[in-house]
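There are 2 protein chains.
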Amino acid sequence: MALIVQKFGGTSVGSVERIEHVADKVASFRRHGHDVVVVVSAMSGETNRLIGLAQAIQEHPTPRELDVLVATGEQVTTALLCMALHKREVAARSYNGGQVRILTDDAHTKARIQHIDDHNMRTDLDAGRVVVVAGFQGVDEHGNITTLGRGGSDTTAVALAAALKADECQIYTDVDGVYTTDPRVVDGARRLEKITFEEMLEMASMGSKVLQIRAVEFAGKYAVPLRVLSSFEEGPGTLITLEEDTGMEAPAIAGIAFNRDEAKLTVLGVPDTPGVAYQILGPIGEANIEVDVILQNIGEQAKTDFTFTVARGDLARAEAILRDTAAALSASEVRADPRIAKVSVVGVGMRSHAGVASRMFKALAEVGVNIQMISTSEIKISVIIEEKYLELAVRTLHSAFELDVEPEDQTAKAV
Amino acid sequence: MALIVQKFGGTSVGSVERIEHVADKVASFRRHGHDVVVVVSAMSGETNRLIGLAQAIQEHPTPRELDVLVATGEQVTTALLCMALHKREVAARSYNGGQVRILTDDAHTKARIQHIDDHNMRTDLDAGRVVVVAGFQGVDEHGNITTLGRGGSDTTAVALAAALKADECQIYTDVDGVYTTDPRVVDGARRLEKITFEEMLEMASMGSKVLQIRAVEFAGKYAVPLRVLSSFEEGPGTLITLEEDTGMEAPAIAGIAFNRDEAKLTVLGVPDTPGVAYQILGPIGEANIEVDVILQNIGEQAKTDFTFTVARGDLARAEAILRDTAAALSASEVRADPRIAKVSVVGVGMRSHAGVASRMFKALAEVGVNIQMISTSEIKISVIIEEKYLELAVRTLHSAFELDVEPEDQTAKAV
Numbered sequence: 004m005a006l007i008v009q010k011f012g013g014t015s016v017g018s019v020e021r022i023e024h025v026a027d028k029v030a031s032f033r034r035h036g037h038d039v040v041v042v043v044s045a046m047s048g049e050t051n052r053l054i055g056l057a058q059a060i061q062e063h064p065t066p067r068e069l070d071v072l073v074a075t076g077e078q079v080t081t082a083l084l085c086m087a088l089h090k091r092e093v094a095a096r097s098y099n100g101g102q103v104r105i106l107t108d109d110a111h112t113k114a115r116i117q118h119i120d121d122h123n124m125r126t127d128l129d130a131g132r133v134v135v136v137a138g139f140q141g142v143d144e145h146g147n148i149t150t151l152g153r154g155g156s157d158t159t160a161v162a163l164a165a166a167l168k169a170d171e172c173q174i175y176t177d178v179d180g181v182y183t184t185d186p187r188v189v190d191g192a193r194r195l196e197k198i199t200f201e202e203m204l205e206m207a208s209m210g211s212k213v214l215q216i217r218a219v220e221f222a223g224k225y226a227v228p229l230r231v232l233s234s235f236e237e238g239p240g241t242l243i244t245l246e247e248d249t250g251m252e253a254p255a256i257a258g259i260a261f262n263r264d265e266a267k268l269t270v271l272g273v274p275d276t277p278g279v280a281y282q283i284l285g286p287i288g289e290a291n292i293e294v295d296v297i298l299q300n301i302g303e304q305a306k307t308d309f310t311f312t313v314a315r316g317d318l319a320r321a322e323a324i325l326r327d328t329a330a331a332l333s334a335s336e337v338r339a340d341p342r343i344a345k346v347s348v349v350g351v352g353m354r355s356h357a358g359v360a361s362r363m364f365k366a367l368a369e370v371g372v373n374i375q376m377i378s379t380s381e382i383k384i385s386v387i388i389e390e391k392y393l394e395l396a397v398r399t400l401h402s403a404f405e406l407d408v409e410p411e412d413q414t415a416k417a418v
Numbered sequence: 004m005a006l007i008v009q010k011f012g013g014t015s016v017g018s019v020e021r022i023e024h025v026a027d028k029v030a031s032f033r034r035h036g037h038d039v040v041v042v043v044s045a046m047s048g049e050t051n052r053l054i055g056l057a058q059a060i061q062e063h064p065t066p067r068e069l070d071v072l073v074a075t076g077e078q079v080t081t082a083l084l085c086m087a088l089h090k091r092e093v094a095a096r097s098y099n100g101g102q103v104r105i106l107t108d109d110a111h112t113k114a115r116i117q118h119i120d121d122h123n124m125r126t127d128l129d130a131g132r133v134v135v136v137a138g139f140q141g142v143d144e145h146g147n148i149t150t151l152g153r154g155g156s157d158t159t160a161v162a163l164a165a166a167l168k169a170d171e172c173q174i175y176t177d178v179d180g181v182y183t184t185d186p187r188v189v190d191g192a193r194r195l196e197k198i199t200f201e202e203m204l205e206m207a208s209m210g211s212k213v214l215q216i217r218a219v220e221f222a223g224k225y226a227v228p229l230r231v232l233s234s235f236e237e238g239p240g241t242l243i244t245l246e247e248d249t250g251m252e253a254p255a256i257a258g259i260a261f262n263r264d265e266a267k268l269t270v271l272g273v274p275d276t277p278g279v280a281y282q283i284l285g286p287i288g289e290a291n292i293e294v295d296v297i298l299q300n301i302g303e304q305a306k307t308d309f310t311f312t313v314a315r316g317d318l319a320r321a322e323a324i325l326r327d328t329a330a331a332l333s334a335s336e337v338r339a340d341p342r343i344a345k346v347s348v349v350g351v352g353m354r355s356h357a358g359v360a361s362r363m364f365k366a367l368a369e370v371g372v373n374i375q376m377i378s379t380s381e382i383k384i385s386v387i388i389e390e391k392y393l394e395l396a397v398r399t400l401h402s403a404f405e406l407d408v409e410p411e412d413q414t415a416k417a418v
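So the sequences go chain by chain: A and B. The numbers in the first sequence follow our numbering, run straight up by one, and end at 418. The numbers in the second sequence follow our numbering, run straight up by one, and end at 418.
Hints are supplied without guarantee of correctness; some may be wrong.
[To be verified] Not close to chain B: a few residues of chain A, all C-beta gaps over 10 Å, as computed:
# : residue
1 : D27
2 : P64
3 : A87
4 : A280
5 : I287
6 : T310
[Said to hold, decoys possible] Some, not all, of what chain B presents toward chain A, calculated at C-beta under 10 Å:
#  : residue
7  : L72
8  : Q78
9  : G101
10 : N147
[Stated by the list, open to error] Below, simulated DSS-like cross-link-like pairs (lysine-lysine); rule was C-alpha separation at most 27 Å, straight line:
#  : chain 1 : residue 1 : chain 2 : residue 2
11 : B       : K391      : B       : K365
12 : B       : K113      : A       : K90
13 : B       : K197      : B       : K224
14 : B       : K90       : A       : K113
Keep in mind that the hints were calculated from the coordinates and are not lab data. C-beta: ideal position from N, C-alpha, C; glycine also.
Using the sequences and the hints given, assemble the complete structure.
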């Protein structure tokens with residue numbers, strides 16, 4: 004018998020019917036003898052409705068009061084889910100953030116969890132009750148209501164699982180797991196049985212929106228086994244763990260991630276002197292613009308070209324700053340290009356498998372995709388390419404790394 | 004400079020526009036230098052929407068969870084009102100029941116306030132902030148959310164005023180005060196400047212729905228000056244106080260109250276023996292049916308007739324019980340009559356003015372209204388009449404006691 008934390012997002016509890024469906028799922032786990040803590044989001048649409056009311060009054064609502072307002076959304080769901088469980092003769096009790104008590108700092112609308120008191124939840128679990136907790140919220144040390152920001156319910160679930168030393172934290176979503184790549188782009192995209200936290204972080208940071216990065220980091224830090232699965236279909240989902248699959252035939256690559264939301268800026272003919280990178284990127288950083296991939300070419304006559312990427316929405320602002328810097332450095336030209344995309348192969352296996360990079364570059368070359376920039380980490384290789392080649396590149400890499408083949412089949416082939 | 008508690012009901016905060024209007028009112032009081040604590044209800048319709056969600060899941064929702072659910076309604080209003088005050092550059096801070104802390108017993112959906120901690124509110128008031136409190140709710144000693152039942156926001160306001168020793172508790176409603184009688188029945192009905200708690204209780208118990216009886220009792224017990232006034236129109240409203248107007252020309256009668264919601268039951272020919280009243284009314288009381296007016300006639304041959312009134316909705320149940328009792332007592336007949344109404348003249352002045360009863364009976368006799376039953380208290384005389392004469396009776400008594408004349412005019416006339 005295990006202690007399981009289950010999190011259901013807004014779509015999963017978006018109507019009375021769906022709440023009843025969630026209650027069926029929870030009741031079934033309970034009847035199998037598991038201890039269950041459920042974390043719920045606000046019913047879909049509710050948070051936006053509340054923010055709409057606030058903005059009809061204040062363009063930028065007071066953060067403290069905005070938290071008081073939106074925290075009601077999750078509280079409503081906890082009560083309704085408990086009623087649905089009671090109807091199924093499953094004992095259950097709702098908690099808001101303050102009742103648990105989930106202590107946070109006082110950074111309203113983006114608070115961070117500092118401590119979770121497990122006493123009240125333990126008492127209920129020991130008494131055989133399901134504990135239903137409002138996600139996304141806590142209280143500061145003075146009892147003011149705080150919220151954790153968008154996606155905060157995932158973080159709540161992981162934090163509760165860590166505090167309770169749960170056997171597993173299950174995140175129910177509208178997809179049935181983590182895929183080798185976006186199934187809308189590659190027909191053969193395949194659900195992964197397992198993925199490591201590190202891989203998941205790289206996939207998530209590339210726009211694979213299944214889980215909030217923060218929740219994955221949190222789970223990794225506290226070694227909470229995390230499982231992503233569907234609210235609407237049966238299935239084992241994808242388990243996210245610390246353990247790397249170290250079998251002989253373990254695949255080197257877990258998946259192909261991509262991101263269309265970047266743009267490229269190049270400044271040509273800047274002096275190739277120490278400190279020039281800082282002179283160029285310093286003002287960008289001060290404007291709170293995040294820089295992703297950076298490339299410095301050696302040019303002619305002690306001059307260099309400097310290229311970097313930013314989020315597409317920051318392009319205009321970054322370009323204006325860069326033009327000022329370029330003038331100060333007597334650079335010859337500034338070029339902006341929003342029509343790029345980033346494609347990455349991700350996998351902890353590449354640490355021990357040589358040749359992942361060359362296999363990647365060869366596959367792209369064979370279909371005529373030109374690589375503009377390259378960036379690597381221990382478990383990821385990313386390339387910046389022209390946006391129009393994105394789908395082609397993703398499909399090509401998915402096949403090149405045999406991601407459309409089940410691992411068992413690979414083994415069979417190897418034998 | 005006074006400390007004022009202001010309560011705004013659901014209609015007064017029923018939309019963003021109305022919340023803005025309430026903020027204007029509160030801001031104006033604050034700018035005049037008063038300390039202000041505001042108690043708000045849920046936006047009109049919101050409580051029913053939430054109960055609807057609950058009942059879609061459970062026919063009789065679990066009381067603890069129903070409280071968790073509906074308490075969110077008031078919390079939403081507190082946040083929105085604070086935002087509207089901030090927009091007007093008035094410092095303000097919201098509180099839910101647990102944050103104040105309003106301690107109640109654990110009778111979910113009908114909890115009673117046991118203690119109010121004024122520490123947090125005092126700190127804010129001392130710092131020049133308006134305190135905005137969610138009405139209708141509290142927490143029990145274990146931190147479970149409780150609600151006070153329908154109309155509980157009035158009770159919250161009075162309880163806060165008592166705890167803070169406020170100079171006045173203002174209840175904003177959709178009427179501009181307490182009237183001598185229902186203006187829909189009598190054109191000449193007049194707003195009262197002042198009324199005592201006792202009179203208000205008698206008026207309220209007769210269906211004058213301006214204030215919850217419980218809040219009036221509470222205010223009377225703690226001597227909190229209570230003012231009823233309109234959210235939508237300017238005006239002084241009606242002040243409800245302990246003090247009786249003892250001037251020479253103080254009117255004996257404050258108003259005429261009435262109630263259509265009663266029905267009459269008569270059992271004829273029961274033995275006129277000790278204990279017969281208990282034998283008849285005991286089973287009625289055990290069925291939780293409240294009895295209002297009771298009349299026992301002496302009949303012929305040691306037999307008596309016994310008549311009483313109940314709420315009209317209880318008539319069928321009460322009649323069934325009475326028929327069983329009548330059979331056991333060998334009574335000759337049971338009669339039920341839903342077509343009655345109760346009309347009362349109310350006024351603390353009748354304690355010192357003789358002749359109120361005879362003036363009442365004479366006036367009704369002159370217009371041919373037959374009195375079926377009479378019931379009196381120290382400050383009230385009620386008669387049960389045939390329902391069709393109700394409006395005639397009310398208009399007749401309103402004139403007979405000169406309630407359509409302003410008190411100043413009465414004085415002028417007397418001089």
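Hints and how they fare:
no. : hint            : result
1   : D27             : holds, 13 Å
2   : P64             : violated, 5 Å
3   : A87             : violated, 5 Å
4   : A280            : holds, 44 Å
5   : I287            : holds, 34 Å
6   : T310            : holds, 45 Å
7   : L72             : holds, 4 Å
8   : Q78             : holds, 5 Å
9   : G101            : holds, 7 Å
10  : N147            : holds, 8 Å
11  : B/K391 - B/K365 : holds, 19 Å
12  : B/K113 - A/K90  : holds, 22 Å
13  : B/K197 - B/K224 : holds, 18 Å
14  : B/K90 - A/K113  : holds, 22 Å
The structure fails hints 2, 3 (numbered hints given earlier, in ascending order).
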